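With the hints as constraints, model all of the structure from the sequences given.
Protein chains: 2
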Amino acid sequence: MMTSTLDPTEQVVQLALTSWESRNSALTEFMNKYNDAAYMQEVSPGRNRAIYLFGHLIAANDALFPLFGFGKRQYPELEQIFSKNPDKAVENLPSIADLKKAWESINKQLSGTFKAMTAEEWIDRHTAVSEEDFQKEPHRNKLNALLGRTNHLSYHLGQLNLLSVN
Amino acid sequence: MMTSTLDPTEQVVQLALTSWESRNSALTEFMNKYNDAAYMQEVSPGRNRAIYLFGHLIAANDALFPLFGFGKRQYPELEQIFSKNPDKAVENLPSIADLKKAWESINKQLSGTFKAMTAEEWIDRHTAVSEEDFQKEPHRNKLNALLGRTNHLSYHLGQLNLLSVN
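Protein sequences appear in the order of chains A and B.
Be aware that the first sequence starts at 1, since it is given in the numbering used here, and climbs by one per residue.
Be aware that the second sequence starts at 1001, since it is given in the numbering used here, and climbs by one per residue.
Any given hint could be a false lead.
Claimed, not checked - From the derived model, a few chain B residues whose C-beta atoms are all more than 12 Å from chain A:
1) Arg1023
2) Arg1047
3) Asn1048
4) Gln1074
5) Ser1095
6) Ile1096
Unchecked claim - Okay, the calculated bits of chain B under chain A, using three or more residues with CB under 8 Å as the criterion:
7) 1010-1019
8) 1040-1046
9) 1118-1129
10) 1140-1148
Quick caveat, the hints were computed from the structure, so don't treat them as lab data.
A quick note: this is a predicted structure, and the numbers were derived from the prediction, not measured.
Every residue, glycine too, gets a C-beta built ideally from N, C-alpha and C.
This is the structure we're talking about:
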């Protein structure tokens, strides 16, 4: 059997990272599928519009900057519109083109930073848990947050794929 | 900092396992929420019924027995109804009670087996990849399949949660 150049922990971290990136790519593909007007439709009658779910997922990735201690959100205004408020509460939404730019910029920066992280850094705490709590709950680390974020993406991708475009 | 009793690879494997279990629990909770008749409704007009998605996710977990080399599917008949066929193609479906029993039985067996696996076993190949291909693509291991299965669960949970119950 070929010996991998990565140690087992790095190998497992790599799987989680690839999983996150593949779900990001799936969302990118979905957002490039229709014309912009289609994204103003609800994914199911009375439910969130596709544009809202897109903005919501951008805000969720953007939250990883402060959560991982990398700095501030890049697009703090998106949190107000797509995370703190429900769909239709805010009248003027950014354009799909601007949202796509934000999505691309955030993911490019995150991907670059993630790739440079060691396995040790991945299993270290994130900023939402104190040093003291982390000693009792060592699973509250960055990798766990990434797995959660990946599943959050999958959850809303399932909903987005119900969009009926005429 | 407290030293974990698990080595880093085991710690990371544990995160993935907990993530899979938490998504299974979320589905169990969802399936205990309404009366059985509610699950005959479509999650969105013209889309899959909740019972179909439930059966589909049971069949997906059941497929882990042969995929991981543990043996045969426990409920092979579910694959035909909920995986090889689309919703509404098969007229007579198992009852919700029987599906819940299958779900519980499969997950109990899988969880027990998973907990006994070493980190080394997790990063070893699954049966859908040959020894030869695995040497070129070492990411095609059991842990990766588990991450994929967890996201598959999240994807359909997102859809199930759109169910409107009157």
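Hint check, failures only: Numbers 1, 2 and 3, in rising order.
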